[in-house]
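Going by the numbering used here, the residue at position 56 of the sequence shown is 1371; the numbering climbs one at a time, nothing skipped.
I should point out that these hints are in silico values taken from the structure, not numbers from a laboratory.
There may be inaccurate statements among the hints.
To be verified - Restraint-style ranges between C-beta atoms, simulated for each label pair:
1) Asp1378 x Pro1351: 36 to 46 Å
2) Val1370 x Gly1326: 12 to 22 Å
3) Asp1378 x Val1334: 12 to 22 Å
4) Pro1351 x Gly1326: 38 to 48 Å
5) Gln1371 x Met1341: 14 to 24 Å
6) Pro1350 x Arg1374: 31 to 41 Å
7) Met1341 x Arg1374: 14 to 24 Å
Since we're looking at a predicted model, the values are computed, not measured.
Where a beta carbon is used, it is the ideal one built from N, C-alpha and C, also for glycine.
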Amino acid sequence: MKERESNENKGNAVMSGVVLVAASIMLIFVINNFPPSGARNVASFVAGMFGFTSVQALRRSFDG
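The whole structure should be built from the sequences, with the hints applied where relevant.
Next up, the structure:
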């Protein structure tokens, strides 16, 4: 019973990580269309932090 719950939680974590990675990639494409300015630099920095966090969450979901 507990093993099934663990597998289900791991599946949910992997799916969440995949969705976050996809969202960060789409965010990068949206930011790429911004005109060059300070706001674009800040948005790129935030997108980078978001992408790093999502990849770390995905990596941790495979660690168990």
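Hint-by-hint comparison with the structure:
Checked against the hint of 36 to 46 Å, the pair Asp1378 and Pro1351 passes, with Cβ atoms roughly 39 Å apart. At roughly 18 Å, the beta carbons of Val1370 and Gly1326 sit within the given window of 12 to 22 Å. Take Asp1378 and Val1334: their Cβ atoms lie about 19 Å apart, and the range 12 to 22 Å holds. At about 41 Å, the beta-carbon gap between Pro1351 and Gly1326 stays in the expected band of 38 to 48 Å.
Restraint check, Gln1371 to Met1341: a C-beta distance of roughly 19 Å satisfies the suggested window 14 to 24 Å. At about 34 Å, the beta-carbon gap between Pro1350 and Arg1374 stays in the expected band of 31 to 41 Å. Checking the proposed 14 to 24 Å range against Met1341 and Arg1374 shows it holds: the Cβ atoms sit about 20 Å from each other.
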